[in-house]
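For the sequence shown, position 79 (counting from the first letter as 1) is numbered 82 according to this note's numbering, and the numbering increases by one without interruption.
Using C-beta positions, here's what the derived DEER-type ranges look like:
1) Arg145 / Thr40: 30 to 38 Å
2) Pro36 / Ala113: 19 to 27 Å
3) Ala70 / Pro122: 30 to 38 Å
4) Arg124 / Asp12: 19 to 27 Å
5) Leu69 / Arg124: 31 to 39 Å
6) Val60 / Gly126: 35 to 43 Å
7) Glu35 / Gly74: 18 to 26 Å
8) Arg61 / Arg114: 13 to 21 Å
9) Pro125 / Ala84: 17 to 25 Å
10) Thr40 / Ala84: 32 to 40 Å
Just so you know, these hints were derived from the structure itself, not from any lab.
Backbone N, C-alpha and C fix where the C-beta goes; we use that ideal spot for every residue, glycine too.
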Amino acid sequence: MRIALYQPDIAGNVGAILRTAACMGIGVDLIEPMGFTWSEKAVARSGMDYVGAVDVVRHADWDAFLAQASGRIVLLTTKGAVRLDVAAFRDDDILLMGSEGTGVPEEVHARADLRVLIPMRPGLRSMNISVATGIVAAEALRQTGGWPS
Numbered sequence: 004m005r006i007a008l009y010q011p012d013i014a015g016n017v018g019a020i021l022r023t024a025a026c027m028g029i030g031v032d033l034i035e036p037m038g039f040t041w042s043e044k045a046v047a048r049s050g051m052d053y054v055g056a057v058d059v060v061r062h063a064d065w066d067a068f069l070a071q072a073s074g075r076i077v078l079l080t081t082k083g084a085v086r087l088d089v090a091a092f093r094d095d096d097i098l099l100m101g102s103e104g105t106g107v108p109e110e111v112h113a114r115a116d117l118r119v120l121i122p123m124r125p126g127l128r129s130m131n132i133s134v135a136t137g138i139v140a141a142e143a144l145r146q147t148g149g150w151p152s
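Full structure from sequences and hints, please.
Set out below in structure tokens:
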């Protein structure tokens, strides 16, 4: 299982997701361009001190990511077709999160093999991306028996 971040905007969110992924034993794909410069200084400033404990792969763009992607692409979206509490995950799924500001374009949305929605109270827009990533990753690991031992 992997987490993929499509053109993330906020370094702090990426840092929180990398920490979660490191603790859960999940690799992370970063699909560029990103809304911040990836450098040792930026990594340190945003609290990405767990970056060395997670398999991070950077991709120049969506096409480069797709060229190496194996497994089903599961998009977390507020326009999801399947509620998280009924979605069925596989151990080779790629959990794809969109950009904090714009989500994903329609062609990325259409390419997803499964689109998942976290149920929320009516009238609220969305959760923070790092919180949502943790919720979905935890459920996916629970279903697939993938929790670290």
